[in-house]
Each structure stands twice: as C-alpha cells, then as structure tokens.
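Engineer: Here the protein sequences come in this chain order: A and B.
Each step along the first sequence adds one to the number in the numbering used here, with nothing skipped, and position 291 is 291.
Each step along the second sequence adds one to the number in the numbering used here, with nothing skipped, and position 24 is 24.
What the hints contain is simulated information worked out from the structure, not anything from laboratory work.
Think of the CB as a built atom: it goes at the ideal place given N, C-alpha and C, for glycine as much as any other residue.
Treat the hints with care, as some may be off.
[Unchecked claim] Coverage of chain B stretches by chain A, computed from C-beta distances (three or more under 8 Å per stretch; other residues unrestricted):
| id | stretch |
| --- | --- |
| 1 | 72-79 |
| 2 | 88-102 |
| 3 | 105-117 |
| 4 | 204-213 |
[To be verified] Derived lysine to aspartate or glutamate pairs resembling DMTMM-like cross-links, with alpha carbons at most 25 Å apart:
| id | chain 1 | residue 1 | chain 2 | residue 2 |
| --- | --- | --- | --- | --- |
| 5 | A | K198 | B | D92 |
| 6 | B | K86 | B | E221 |
| 7 | A | K198 | B | E74 |
| 8 | A | K198 | B | E91 |
| 9 | A | K198 | B | D136 |
| 10 | B | K86 | A | E11 |
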Amino acid sequence: MRAFVGFVRKETLHLLRDRQTLAILLLFPVVQVLIFGFAVRTDVRDIAIAIVDPTPDVATLELRERIDASDRFHIVGVAPSARGLDPQFRGGAIRQALVLPAGVERRLGRGDSLPVQLLTDGSDPNTGGIMQGYATAIVERWYRDAVPATGALRIEARARMRYNPTLESSHLFVPGLVAFVLTIVSALMTAISISREKETGTMEMLLVSPIRPTAIVAGKVMPYIGLGFVSVLLVLVAARAVFGVPLRGSLVLLLAESGLYIVTALALGIVISTKAPNQRTAMIAALAGLMMPTLLLSGFIFPLDSLPRVLQYLSYAVPARWFLTIVRGIMIKGAGLATLWQETLILMGMTLFLLAKGSRGLAIRLG
Amino acid sequence: MTGHAIDARALTRRFGSFTAVDAITFHVEPGEVFGFLGANGAGKTTAIRMLIGVLAPTSGSATVAGYDLKTQAEQVRRRIGYMSQKFSLYEDLTVQENITLYGGIYGVSDRDIVTRTGEILGRIGLEHAGDELVRDIPLGWKQQLAFCVALLHRPAVVFLDEPTGGVDPITRRRFWELIYEAGAAGTSVLVTTHYLDEAEYCRRISIMVDGAIAAMGTPAEVRKAVGAETLDEVFLKLTRPGTAA
Chain A
1 MRAFVGFVRK
11 ETLHLLRDRQ
21 TLAILLLFPV
31 VQVLIFGFAV
41 RTDVRDIAIA
51 IVDPTPDVAT
61 LELRERIDAS
71 DRFHIVGVAP
81 SARGLDPQFR
91 GGAIRQALVL
101 PAGVERRLGR
111 GDSLPVQLLT
121 DGSDPNTGGI
131 MQGYATAIVE
141 RWYRDAVPAT
151 GALRIEARAR
161 MRYNPTLESS
171 HLFVPGLVAF
181 VLTIVSALMT
191 AISISREKET
201 GTMEMLLVSP
211 IRPTAIVAGK
221 VMPYIGLGFV
231 SVLLVLVAAR
241 AVFGVPLRGS
251 LVLLLAESGL
261 YIVTALALGI
271 VISTKAPNQR
281 TAMIAALAGL
291 MMPTLLLSGF
301 IFPLDSLPRV
311 LQYLSYAVPA
321 RWFLTIVRGI
331 MIKGAGLATL
341 WQETLILMGM
351 TLFLLAKGSR
361 GLAIRLG
Chain B
1 MTGHAIDARA
11 LTRRFGSFTA
21 VDAITFHVEP
31 GEVFGFLGAN
41 GAGKTTAIRM
51 LIGVLAPTSG
61 SATVAGYDLK
71 TQAEQVRRRI
81 GYMSQKFSLY
91 EDLTVQENIT
101 LYGGIYGVSD
111 RDIVTRTGEI
121 LGRIGLEHAG
131 DELVRDIPLG
141 WKQQLAFCVA
151 LLHRPAVVFL
161 DEPTGGVDPI
171 TRRRFWELIY
181 EAGAAGTSVL
191 VTTHYLDEAE
201 YCRRISIMVD
211 GAIAAMGTPA
221 EVRKAVGAET
231 LDEVFLKLTR
241 PGTAA
C-alpha cells in the first residue's frame with residue numbers, strides 16, 4: 001500500500017511538473033467549448049432572403065413585414081421578377097428567395113389557389129432544410145390570417161421542439177464535448193504516460209520490482225481520473241457561463257456517469273499502450289483510433305440516423321456513443337437512471353471488457 | 001536452496017526457431033563480481049531478462065538469491081536489484097524523490113530511506129543535489145546514482161546491463177569502486193560490459209557466443225584455456241574464430 005501511495009505521488013508529480021502539458025490539458029476543455037460554441041453552429045439565424053413581388057399590394061406588404069420582423073430573416077431586396085436571382089444565390093448574397101405570383105390580394109379575396117415558390121440554397125442540406133422550415137411556417141401563418149374563415153373545419157398543427165425549443169446547437173454539442181474531452185484527456189494521456197515509461201526504460205525497472213503490474217497501472221491512472229473530473233466541470237461551467245446551457249438532471253448522477261466513462265477511456269488508453277511500442281505510435285493510435293470515432297460515430301457531429309447502416313452498427317462499439325446518450329439525457333432532458341440504466345450497463349460491460357484486456361496485455365509483461 | 005546467489009541450469013530461451021540462449025549453466029557465489037561478456041546479439045541481455053523475471057525461460061531452470069525463478073518469482077523480485085542499459089531514473093523527479101519512490105516500492109522503511117539517502121549522496125558526492133531534478137545532474141553521477149538506487153533495498157544480487165556505456169574513464173573507475181564495495185558488502189554482482197579492461201576487474205567471467213557459454217572462469221583461467229595473452233585476444237578468438245589467430 002505504501003508503495004502504491006508513493007507511486008501515485010510520483011505520477012502526480014510527473015503531471016504537475018510538465019507545466020506545458022498541464023496547461024494544455026486544462027485549457028483544452030474551455031477552448032473546445034468556445035470553438036464549438038461560436039464556430040460550429042447548426043442553428044440558423046439572419047438568413048438573407050430576397051422577395052419577388054410582381055404586383056405589390058397590402059397583402060404582400062403584410063407578408064414582407066412579417067418576414068422582416070422575424071430575427072431569423074432579413075430581406076435584402078424586393079424585385080418584380082425572378083430574373084437575377086441565380087447570380088445572387090451563386091454569389092452568396094442571398095440564401096433564400098420567395099417568389100410570389102401577381103395579384104396576390106385579388107386571388108386571396110376570391111379564394112383562388114396561391115402558387116408561391118420558395119427557393120433555398122441547398123448546398124448545406126441540414127441548414128437548407130431548417131431555413132425552408134422557418135420560411136414555410138411564416139408563409140403558412142400569413143396565409144391563414146389573410147384568408148377569411150370559411151366556416152370549414154381547419155386543422156392546424158402546432159409543432160413544438162421539446163427540451164430545446166429554440167434549437168440551440170450548444171445544447172447538442174456540449175454533451176458531445178464532455179465525451180470528447182474525457183476521451184482525449186483520459187485515454188490519450190494514459191496511453192502516452194505508459195508508453196513513455198516503456199520508452200525510457202523505467203517500466204522495466206518497475207516490472208523487475210515487487211510492485212504488481214496492476215498496481216503500476218492503477219497508480220498511473222489515478223491522477224488522470226482527477227484530471228478527468230476537473231475537465232468535465234470545466235466544460236460544464238464554461239458552457240453554462242458562455243452559452244447558458246442548462247443542466248436539467250442531477251449533477252451527482254452526471255459526475256458518477258462521467259467517472260464511469262473516465263475509467264472506460266483510461267482502459268482504452270491502457271489497451272493501446274500495451275500494444276504500442278513507443279509514445280509516438282501510442283499517440284497516433286489514440287488520436288486516429290479514438291478521436292475520429294468519438295467525433296463521427298457517437299452522434300456528436302452527425303446524427304447517427306443519417307449514417308450508412310454499416311457505420312450505424314459500428315457505432316454500437318463506440319463507448320462515446322452510449323456516454324453521449326447518457327449525458328444528453330441528463331443535461332438536456334433531465335433524465336435519471338431509471339431511463340438511462342441500459343446505456344449505463346452497456347458502458348459498464350465495455351469497461352470491464354477493456355480492463356480485462358488491458359491487464360491481460362500487461363500480465364504478459366515485457367516478454 | 002543451493003547457497004549460490006545465482007544458479008542457472010540449462011537455461012534456454014527460443015524465439016520461434018531462433019535460440020537466443022542455448023542451455024546455459026553457471027552459478028555466481030555470494031559477494032562475487034561476475035562478468036557477463038559477449039558480442040552484441042550473443043544473448044546476454046536475453047539471459048539477464050530471464051534471470052530478473054521479465055522473460056519466461058523456454059526450458060531449464062534457475063534459482064536467484066536461493067529462490068526458484070518460476071515458482072517463487074515474488075521472493076526473487078524482493079531480493080534483486082537491476083540497472084538497465086537505458087538510464088532508468090525519472091528525469092523529472094528530484095534525486096530525493098527518486099530514492100524515496102524506489103525505497104517505497106521495495107518496502108524500505110522511511111527511517112532507513114533517510115539514513116541510506118544520506119549514505120548514498122555522501123558516497124558519490126551529491127550531498128547538495130538532493131533536491132535537484134535528475135535531468136539536471138551530469139550523466140556520470142546519474143549512473144552512479146542509478147546503481148546506488150538499485151542497491152537501496154540491500155538486494156542479494158544486483159544485475160547491471162552495460163552500466164558504464166557512454167561515461168568517461170574516471171567515472172567508469174569510480175563506478176567500479178562502487179561495484180567492488182557492493183561485492184565486499186556481500187551483494188553478488190552480475191555485470192555485462194563491452195570494455196574488456198573492465199572484465200579484468202571481475203572475479204570470474206563468462207563469454208557468450210551464439211547463445212551458449214564459450215568460456216568461463218577467472219580472467220587468468222579463461223586466457224589460459226583459450227591460449228591468449230589478453231582478454232581482447234580471447235574475445236576475438238571466440239567470437240570470430242576464423243579471422244583472429
């Protein structure tokens with residue numbers, strides 16, 4: 001036990017003495033929150049829209065006013081014909097155009113059909129879909145108010161986004177960031193710190209000594225467990241302070257689940273380090289093997305439903321996927337263990353498997 | 001229990017079809033300084049790695065410090081010290097922290113750590129460097145320090161794998177003084193080296209060629225058996241029999 005305590009102390013000293021790495025590790029979560037928060041936005045604001053209105057009248061003016069009043073849109077121009085829209089789309093001056101027919105008010109009064117064309121820049125399909133939704137909503141609303149009630153039964157669907165009514169992208173990415181940052185901090189640092197000792201030859205000294213390999217590894221990962229918790233808290237605090245991301249569920253549960261995922265990531269790091277002959281290989285393996293799946297196959301950046309079937313199956317093997325569901329559930333929906341027990345169990349199973357694999361790899365020692 | 005510090009019997013290690021160590025049999029007495037010689041790739045390091053318990057023998061057996069390597073590995077570990085070719089203290093820890101760490105790992109009591117630290121630092125002239133980071137002290141001192149740390153728990157046997165690589169002649173001399181002191185204090189020393197003048201300091205030597213022991217005995221006995229004037233000549237004759245005559 002004394003040997004173990006001494007060992008943890010040594011590992012903590014390594015971490016604290018390497019000021020540069022420590023600074024990077026502590027800044028990393030905060031910088032990630034800011035980058036993802038400001039740069040990677042999937043919610044859409046301030047759409048430049050052009051209106052084609054051949055015969056302006058009271059009804060079309062009302063529609064234009066409604067569009068301009070929304071903070072989603074600003075009208076960059078009103079033209080009598082659709083000619084000239086193409087170059088504007090291509091040049092990026094407008095992202096949407098609403099083409100109205102002639103004699104709108106007359107048609108409305110007679111109850112005629114109203115052919116309205118909505119053009120949307122579809123070069124980014126996700127954003128395009130969202131823009132289309134916003135514009136359609138405004139037009140439909142205006143149409144209902146403009147056409148006098150006929151007494152016929154009208155069905156009106158009111159859509160409401162639960163948990164994230166204004167579709168803030170920060171609500172989506174912060175849980176992903178928690179998983180991402182933990183993977184990097186825990187798995188990468190463990191892999192590096194173990195393979196560094198292999199490289200410098202100190203690992204051999206340790207393996208010759210009476211201290212058990214499992215104690216070596218347990219001692220090595222202790223400081224990184226602490227660092228992992230600090231990272232989670234940093235992400236949460238930064239996300240709340242800068243973007244007002246809520247934490248609807250229990251903080252204790254979130255931290256407990258994070259603790260579980262930290263161990264998962266550490267175990268991954270151990271498995272990598274038992275395979276990698278040196279620091280460089282360990283680092284590349286950890287980055288390529290963990291970062292990409294964590295970013296792409298966890299639902300962090302791309303919705304899992306939109307992935308090809310093969311990748312969807314592959315994503316079941318990515319621990320971050322399950323952790324992400326858990327964090328989103330707790331933070332955004334305020335879910336408890338009653339709904340998240342399945343994901344938790346899967347994550348636990350994965351962790352046990354990885355730990356067993358990692359300690360087997362170490363048991364072979366250096367032979 | 002054989003009374004020998006090391007007793008290897010037909011110790012063999014194969015990697016696939018390649019036999020790195022081929023049934024070597026030898027023993028080392030308590031307090032003896034035993035030189036382990038051989039060209040690069042002759043199997044010295046593989047033999048040492050088996051004796052320190054990080055590599056399992058393919059066949060054969062050995063006892064180290066009186067305990068069987070296969071069945072009593074734990075006891076063996078507590079009673080041996082090891083210093084590898086690679087310099088193996090932690091560069092980002094201080095001299096004192098390194099000593100404390102290894103003392104803790106080997107179960108040396110806090111009081112003993114304090115007194116032995118004083119002894120070690122006084123012996124190698126690093127009294128004032130206890131709080132310096134190991135990376136900041138000169139290589140020669142690092143190696144002496146690494147040796148002393150390997151002896152911190154008073155092992156019965158200490159294994160030194162090319163301990164004097166890359167150090168100047170004066171430091172090498174001081175290093176050998178430390179080795180002699182350890183031997184005189186009853187610790188057996190098994191040392192590999194490429195410097196044949198160092199081999200003359202050993203009480204007995206063995207020369208490995210292609211995984212087997214080609215000659216063994218005191219330096220004088222070995223010279224006589226091979227029919228050579230110097231150990232240099234012995235070495236050339238054994239390792240390159242065709243060219244040196």
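Engineer: Please work out if K198/A and D136/B have their alpha carbons no farther apart than 25 Å.
Structural biologist: Holds. K198/A to D136/B sits at ~22 Å (cutoff 25 Å).
Engineer: Going straight from one Cα to the other, do K86/B and E221/B come out at no more than 25 Å?
Structural biologist: It is violated: about 32 Å lies between the C-alpha atoms, which goes past 25 Å.
Engineer: Would the pair K198/A and E74/B pass a check requiring their Cα atoms to be no farther apart than 25 Å?
Structural biologist: Distance ~22 Å between K198/A and E74/B Cα, so the pair holds.
Engineer: Confirm or reject the coverage of the stretch 204-213 of chain B by chain A under the rule of 3 or more residues with a beta carbon closer than 8 Å to the chain's beta carbons.
Structural biologist: Since three or more residues must qualify, the claim that chain A covers the stretch 204-213 of chain B is violated, with 0 doing so at under 8 Å.
Engineer: Is the hinted pair K198/A and D92/B satisfied, with a Cα-Cα distance of at most 25 Å?
Structural biologist: holds (16 Å)
Engineer: Can the restraint linking K198/A and E91/B be considered satisfied, given a maximum Cα separation of 25 Å?
Structural biologist: holds (14 Å)
Engineer: Counting residues of the stretch 88-102 of chain B whose CB is closer than 8 Å to a CB in chain A, do you get three or more?
Structural biologist: Check passed, 10 qualifying residues.
Engineer: Do three or more residues of the stretch 72-79 of chain B come closer than 8 Å to chain A, measuring C-beta to C-beta?
Structural biologist: With 3 residues in contact (Cβ-Cβ under 8 Å with chain A), the coverage given for the stretch 72-79 of chain B holds.
Engineer: Would you mind confirming whether the straight-line C-alpha gap from K86/B to E11/A stays at or under 25 Å?
Structural biologist: Judged against 25 Å, a Cα distance of about 20 Å means the pair holds.
Engineer: Closer than 8 Å Cβ to Cβ for three or more residues is the test here. Does the stretch 105-117 of chain B pass it with chain A?
Structural biologist: Since three or more residues must qualify, the claim that chain A covers the stretch 105-117 of chain B holds, with 3 doing so at under 8 Å.
Comparing the model with each earlier hint shows violations of hints 4, 6; every other hint is respected.
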